[in-house]
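Q: Please model the entire structure based on the sequences and the hints provided.
Protein chains: 2
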Amino acid sequence: MTQKRKIKLGFILHGVGRTWDDWRHPERNVRASTNFPLYRKQAQLAEKGKFDFLFVADSLSINEKSSPHYLNRFEPLTVLSALAAVTDHIGLVGTLSVSYTEPFNVARQFASLDHISHGRAGWNVVTSWLSDTAANFGRKEHPAHSERYRIAAEHLETVQGLWDSWEDDALVGDKASGVFVNPEKLHRLDHAGTHFQVRGPLNIDRSPQGQPVIFQAGASETGRDFAARHAEAVFCGPADLEEARLYYADLKSRAHKLGRKDDLPFILPGAAPIVGLTEEDAEARYQELVALTSIDTGLGFLSRSFNDHDFRKYDLDEPFPEVEHIGNESNQSASQRILKRVRKDNLSIRQIALELATPRGDFVGTPTQVADALQNWFESGGSDGFVLFEPLPGQLDLFVQHVVPILQERGLFRQDYEHETFRENLGLSIPVNRYAVGRKQAG
Amino acid sequence: MTQKRKIKLGFILHGVGRTWDDWRHPERNVRASTNFPLYRKQAQLAEKGKFDFLFVADSLSINEKSSPHYLNRFEPLTVLSALAAVTDHIGLVGTLSVSYTEPFNVARQFASLDHISHGRAGWNVVTSWLSDTAANFGRKEHPAHSERYRIAAEHLETVQGLWDSWEDDALVGDKASGVFVNPEKLHRLDHAGTHFQVRGPLNIDRSPQGQPVIFQAGASETGRDFAARHAEAVFCGPADLEEARLYYADLKSRAHKLGRKDDLPFILPGAAPIVGLTEEDAEARYQELVALTSIDTGLGFLSRSFNDHDFRKYDLDEPFPEVEHIGNESNQSASQRILKRVRKDNLSIRQIALELATPRGDFVGTPTQVADALQNWFESGGSDGFVLFEPLPGQLDLFVQHVVPILQERGLFRQDYEHETFRENLGLSIPVNRYAVGRKQAG
Ligand SMILES: Cc1cc2nc3c(=O)[nH]c(=O)nc-3n(C[C@H](O)[C@H](O)[C@H](O)COP(=O)(O)O)c2cc1C
Ligand SMILES: Cc1cc2nc3c(=O)[nH]c(=O)nc-3n(C[C@H](O)[C@H](O)[C@H](O)COP(=O)(O)O)c2cc1C
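As they're listed, the protein sequences go chains A and B.
Residue numbers for the first sequence follow UniProt numbering, so the first one is 1 and each next one is one higher.
Residue numbers for the second sequence follow UniProt numbering, so the first one is 1 and each next one is one higher.
Calculated from the structure, these hints are not laboratory results.
All values derive from a computational prediction rather than experimental measurement.
Errors might be hidden in some of the hints.
Note that the list lumps identical chains together, so a pair holds whenever it fits in one copy or between two copies.
[What the hints assert, rightly or not] Mimicking DSSO-like on lysine-lysine, the simulated pairs with C-alpha atoms at most 27 Å apart in a straight line are:
1) LYS65 to LYS175
2) LYS175 to LYS41
3) LYS65 to LYS252
4) LYS340 to LYS140
5) LYS48 to LYS313
A: Structure representation (structure tokens):
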């Protein structure tokens with residue numbers, strides 16, 4: 001009997017919110033983004049709900065106009081390490097940019113987190129899409145989009161090489177003979193590439209997962225190719241089920257063409273369920289969210305996707321203007337998605353702006369309705385699971401109490417953690433070290 | 001009535017040991033350096049003993065001949081963040097090199113740790129002394145010694161500037177008006193220096209300490225000047241009380257000449273007490289340590305301080321050869337100290353090698369003897385406190401149980417933590433943000 005395919009669930013810890021206005025909810029702590037007790041509480045709740053992982057997003061540049069959840073945030077690796085100490089089973093996925101970090105430092109940080117957590121680390125590989133990030137790192141220019149992905153591939157390859165620099169049994173620790181390491185099993189990487197030159201070995205023993213799990217969130221063509229080649233799980237933000245299915249099929253097929261078969265990446269759309277005990281309750285909660293949203297916020301969203309284009313100069317209630325060419329390569333996928341949506345229902349600027357600011361999505365309803373919708377996405381080729389946001393305070397608790405048991409009853413979600421490591425709980429195996437593979441083939 | 005001056009105590013978490021051979025002790029876990037439960041246990045024990053801080057050292061390059069405690073180690077900021085979640089009062093001091101990191105990333109990591117720990121972060125600013133570190137970071141050459149200190153000064157200044165980029169009340173969070181930050185109180189740094197160009201602001205709210213505590217460990221002339229100017233606490237490794245007093249007087253006087261008065265840096269020598277319940281017990285424990293040491297280890301220590309000079313080519317029992325000029329600028333202070341020691345007692349190569357590998361120090365004895373020796377250093381101008389190593393498993397426990405109460409009875413050490421933050425527990429005040437100072441002066 002084969003094991004039934006299970007929904008993967010992640011929870012994104014986003015402090016004050018995921019939108020410009022979430023923080024204005026009466027029950028939000030405006031300092032939530034640097035409130036560790038709150039992070040701990042959410043992490044432990046997600047673990048109680050048997051979630052696969054926690055996810056921490058990131059960015060590296062702000063100005064006084066940035067969204068509140070960008071302005072103030074924990075550095076991902078520090079907060080995930082702290083959470084590792086107060087959880088036991090849940091995966092810990094941190095976003096870290098390849099554009100302004102050294103592979104040696106990144107490899108260490110994740111290996112260290114993997115040791116601290118006994119095998120629960122994951123890296124969401126991003127390239128930083130805010131172009132003024134360069135100014136915080138002494139660079140004249142942010143690398144162009146395609147260049148960033150070339151850097152990303154080489155950075156990741158270097159980090160993964162460093163993670164293999166200690167074989168499983170390199171640390172001998174034979175007290176009688178005084179042999180601490182076996183020098184044959186401790187490897188230099190000697191990577192000499194275009195963007196990085198790194199000798200190795202890493203100064204930390206092979207970690208429990210060997211290779212922390214790789215996440216990615218490519219949306220553009222180049223980004224999708226990168227994800228298809230390198231990612232074990234993909235976090236994406238489709239606007240609806242149709243878009244999700246197209247993305248799902250496209251990414252799986254790209255990966256398949258690259259020779260991946262049993263190890264196609266998991267596709268995990270973001271979802272922001274609003275669970276109510278009745279339909280009316282759910283709708284009322286959604287309206288609480290809508291009430292927080294201002295047209296300013298909507299316009300902010302809109303212009304961010306169109307290279308800071310000023311939409312106030314138009315009549316907001318007229319049909320959407322001709323601005324196709326204003327998006328730059330960094331935000332092209334977002335602007336294209338918006339244009340598609342606008343054309344579909346011939347929306348005005350005001351309509352699309354407000355919709356962008358308060359996306360409703362498919363997941364507003366009673367626990368059964370929400371479970372049905374998740375199941376529908378999962379079973380109709382839209383996803384392998386979800387990364388959940390908490391659009392309103394208290395939603396994670398409601399989800400864990402009321403939706404998780406339904407998914408469990410339906411055999412769609414685990415009753416308990418099956419394994420020690422994040423990788424194994426996802427159904428992935430612990431990779432054999434490349435040098436051990438080499439030795440096996442040679443021997 | 002003025003408060004009696006108190007001993008500051010730190011504990012260095014060093015996993016398998018502080019020497020080449022410590023790991024061979026029968027009770028050492030050979031994987032101690034990446035064993036988080038052990039780190040947690042030691043951290044909680046040090047906190048039970050009311051220690052001021054935990055300290056984590058670091059280095060960025062290994063080869064198969066490196067010392068076991070260099071080969072395998074946690075990355076400092078991740079492990080300290082994890083410890084922040086399982087302790088409540090103790091300071092958390094992490095070593096991070098300025099030579100291969102970006103000020104923006106470093107500022108964030110420590111600010112994040114300061115938030116997670118509610119005000120307990122400290123940064124030990126180092127420049128990385130192993131010259132082959134460059135090869136792990138794509139650099140042709142490790143910067144020269146004096147250049148490294150110039151980089152260090154600019155890096156630190158940049159990080160401290162970023163820590164001030166949010167004023168105390170920059171995060172407004174007014175839900176009614178929708179004002180999240182006050183743009184007047186969120187500052188760009190616009191640092192444009194020789195080595196770094198960083199715009200800011202930092203993407204994390206001002207942390208509880210405002211400015212995490214600055215540690216340093218300068219030994220050379222340049223290093224001492226750096227410490228005198230920038231450090232709030234200095235970790236040093238004098239061979240004996242005489243050397244400690246010279247260092248203490250020198251560093252305080254350098255700081256005084258730079259205009260520091262009430263805020264001279266604390267001088268904290270490393271100490272590796274071996275506490276026994278009787279004198280014989282203590283001596284027997286010290287001999288356990290000696291028995292672990294090999295001449296190979298001693299020679300390894302020696303040649304490391306003399307630019308990898310091969311001492312095996314001499315008769316090990318002859319007087320020390322003429323090798324003054326072999327130390328390079330990175331290890332000049334270590335080699336000079338060794339030469340001084342050798343000349344004092346006309347030691348052979350074997351003698352100095354074994355002595356280097358198993359330093360005895362002043363702190364082997366009964367709890368009263370150890371307390372007496374610490375008090376003697378503290379009261380005779382040798383130190384403001386100590387950073388304790390654990391030369392043998394179980395020593396921290398013995399120290400907390402037997403030595404701490406004696407120091408407390410004598411009024412030399414705190415009965416309990418006095419404040420919330422590390423900075424305040426050290427007797428330092430929370431610095432006023434530079435922009436608030438400016439405004440006060442202008443207003
Ligand atoms: C759901 C989702 C989450 C993302 N999270 C982050 C993030 O935390 N930090 C970041 O720099 N970029 C993040 N990105 C941006 C992606 O890394 C990527 O740059 C973006 O999707 C644009 O795709 P492209 O780079 O392939 O054009 C995210 C994207 C998506 C779709
Ligand atoms: C007690 C002590 C601890 C030190 N810890 C570290 C460390 O953890 N990492 C590091 O790179 N250097 C460390 N150093 C080296 C110092 O940063 C410094 O490079 C060294 O003392 C030589 O001094 P100088 O650089 O002034 O010549 C330490 C030095 C001392 C004395």
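Q: Which of the stated hints cannot be reconciled with the structure, identified by number in ascending sequence?
A: As far as the earlier hints go, 3, 4, 5 are violated by this structure, in ascending order.
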